[in-house]
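Using the sequences provided together with the hints, build the complete structure.
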Amino acid sequence: YYIWLDDGMGTAIAEALMRAAKRGVQCRAMVDGMGSRKLLRSPLWERMKQAGVEVSVALPIDNIFKILMFSRIDLRNHRKITIIDGKIGYVGSRNSADPEFRVKPKYAPWVDIMLRVQGPIVAQNQMLFASDWLMENPDTPFDTFPFLLEPQVDGYPAQVFADGPTQRQGTTPQFLSILMGHAKQSLVISTPYFVPDFTLINMICATAYRGVDVTIIFPRKNDSFIVAATSHSYYWQLLEAGVKIYEYKPGLLHAKTLTIDDQISLVGSTNLDLRSFDLNYENNVIFYDKALTKEIITRQNSYIADSVEVTRSEVRRWPLYYRIWINIVSTMGPVL
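Note that the sequence shown covers residues 1 to 336 in the working numbering.
There could be a bad hint or two in this list.
Stated by the list, open to error - The following label-pair restraints were derived from C-beta to C-beta distances:
id, residue 1, residue 2, range
1, Pro141, Ser71, 21 to 31 Å
2, Asp139, Glu46, 19 to 29 Å
3, Ile324, Gln159, 21 to 31 Å
4, Thr144, Arg116, 50 to 60 Å
5, Pro165, Gly24, 30 to 40 Å
6, Lys22, Tyr90, 15 to 25 Å
7, Arg72, Gln159, 20 to 30 Å
8, Ser302, Pro157, 19 to 29 Å
In case anyone wonders, no lab produced these hints; they're calculated from the structure. Ideal Cβ positions, reconstructed from N, Cα and C, are used throughout, including at glycine.
Next up, the structure:
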């Protein structure tokens with residue numbers, strides 16, 4: 001997990017791992033060195049090690065001088081993956097933390113989405129976890145990672161797609177653009193952070209221009225005022241193309257979802273920003289199933305019901321100083 005806190009939820013998950021380890025179950029826990037730095041300094045992390053849980057830190061930052069001189073502190077592991085016995089997986093946007101998210105409580109609750117999955121995509125996510133683990137622990141035998149590739153009689157097609165800075169060229173914007181190109185009636189997106197590249201913003205607008213009903217849901221309150229301002233710099237372009245924009249009011253909408261035509265749905269860890277595209281290790285799952293897509297659309301509609309729509313007249317009323325500000329910070333998009 002990118003963020004794992006020693007709060008109620010984070011402690012409950014850690015204690016479940018410790019109980020399983022004491023029963024003889026092989027348990028591994030991996031956290032990002034930056035996002036989970038509070039856990040790494042807490043007694044809970046040491047308790048997990050003492051209980052027999054194998055623990056590891058992705059992209060550690062214990063020697064800041066060494067990192068600044070020889071490495072990249074901006075590269076982070078943003079994935080959220082849980083694998084149980086190689087048979088069951090959990091994927092989505094939620095970190096191992098309470099919705100109150102005590103490190104940034106004024107934006108609470110953080111609203112996320114997680115799915116329990118079975119089938120071949122569990123093995124695909126296991127491969128991602130194994131690759132992350134072996135990067136930091138290269139001596140771990142590969143056969144200690146259970147891969148169960150049993151034939152599936154029931155179910156529907158699904159696929160994991162992941163990205164990371166070790167790839168020569170990021171594929172997420174291109175992949176999402178291909179998906180959007182298949183939309184005929186509707187495209188609904190929820191994302192907390194929106195700093196798209198040229199390919200993605202143009203594809204979203206092109207999808208709306210050709211008559212598809214395009215909706216994007218953002219949080220009204222954002223924990224990064226610079227990212228929020230940068231997102232606002234795209235509002236006029238989106239609205240001019242016919243995209244509907246909603247801002248979620250009750251908390252920080254952190255769910256990353258995408259649905260197309262009641263047919264295709266996506267959940268995962270990727271934000272629609274350049275950090276996710278170029279600097280973070282991410283994991284997502286695409287589902288090709290009407291019933292599941294309708295369930296996710298229902299969740300998206302619940303977000304919209306608790307949101308306010310942003311109109312062109314509202315954006316026109318933004319004061320001149322704010323327009324100048326968002327245009328300035330938008331130039332910082334590649335480093336946000």
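Going down the list of hints, with the structure as the test:
no.	hint	verdict
1	Pro141 x Ser71: 21 to 31 Å	holds, 27 Å
2	Asp139 x Glu46: 19 to 29 Å	holds, 22 Å
3	Ile324 x Gln159: 21 to 31 Å	violated, 43 Å
4	Thr144 x Arg116: 50 to 60 Å	violated, 24 Å
5	Pro165 x Gly24: 30 to 40 Å	holds, 37 Å
6	Lys22 x Tyr90: 15 to 25 Å	holds, 22 Å
7	Arg72 x Gln159: 20 to 30 Å	holds, 29 Å
8	Ser302 x Pro157: 19 to 29 Å	holds, 26 Å
In the structure shown, a violation is registered for the earlier hints numbered 3, 4, in ascending order.
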